[in-house]
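Start from the sequences and build out the full structure, keeping to the hints where you can.
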Amino acid sequence: VHYTAGCLCQDVAEDKGMRFSKQAIAAIAEITFRQCENFARDLEMFAR
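Per the numbering used here, the sequence shown runs over residues -9 to 38.
Please note that a few of the clues may not be correct.
As the list claims (entries may be wrong) - For each label pair, taking beta carbons as the anchor points, the in silico distance ranges come out as:
#1 -7 / 29: 17 to 27 Å
#2 -8 / 30: 25 to 35 Å
#3 3 / 25: 13 to 23 Å
#4 8 / 38: 39 to 49 Å
#5 34 / -7: 20 to 30 Å
#6 -6 / 33: 16 to 26 Å
#7 33 / 4: 32 to 42 Å
#8 38 / 3: 19 to 29 Å
#9 9 / 33: 13 to 23 Å
Quick caveat, the hints were computed from the structure, so don't treat them as lab data.
We put the beta carbon where it would ideally sit given N, CA and C, even for glycine.
Listed below in structure tokens is the structure:
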């Protein structure tokens, strides 16, 4: 997740002419990971 978030941030940074700090990339990766956990829990509950 962290690698993919970094790649996406790099693409956006190149397109928009800006930079993302390592802390910002780590925060985006952490939020994405937690959201995936929520989706997995929801899917598990829906499957019951």
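So, going through the hints one by one against the coordinates:
1. -7 / 29: 17 to 27 Å: holds, 20 Å
2. -8 / 30: 25 to 35 Å: Violated, since residue -8 and residue 30 (Cβ atoms, about 18 Å apart) do not stay within the stated range.
3. 3 / 25: 13 to 23 Å: This hint holds: roughly 22 Å between Cβ atoms.
4. 8 / 38: 39 to 49 Å: About 44 Å separates the Cβ atoms of residue 8 and residue 38, which means 39 to 49 Å holds.
5. 34 / -7: 20 to 30 Å: About 26 Å separates the Cβ atoms of residue 34 and residue -7, which means 20 to 30 Å holds.
6. -6 / 33: 16 to 26 Å: holds, 20 Å
7. 33 / 4: 32 to 42 Å: holds, 34 Å
8. 38 / 3: 19 to 29 Å: Check failed, 42 Å falls outside 19 to 29 Å.
9. 9 / 33: 13 to 23 Å: violated, 36 Å
When the structure is compared with the earlier hints, violations turn up for hints 2, 8, 9 and for no others.
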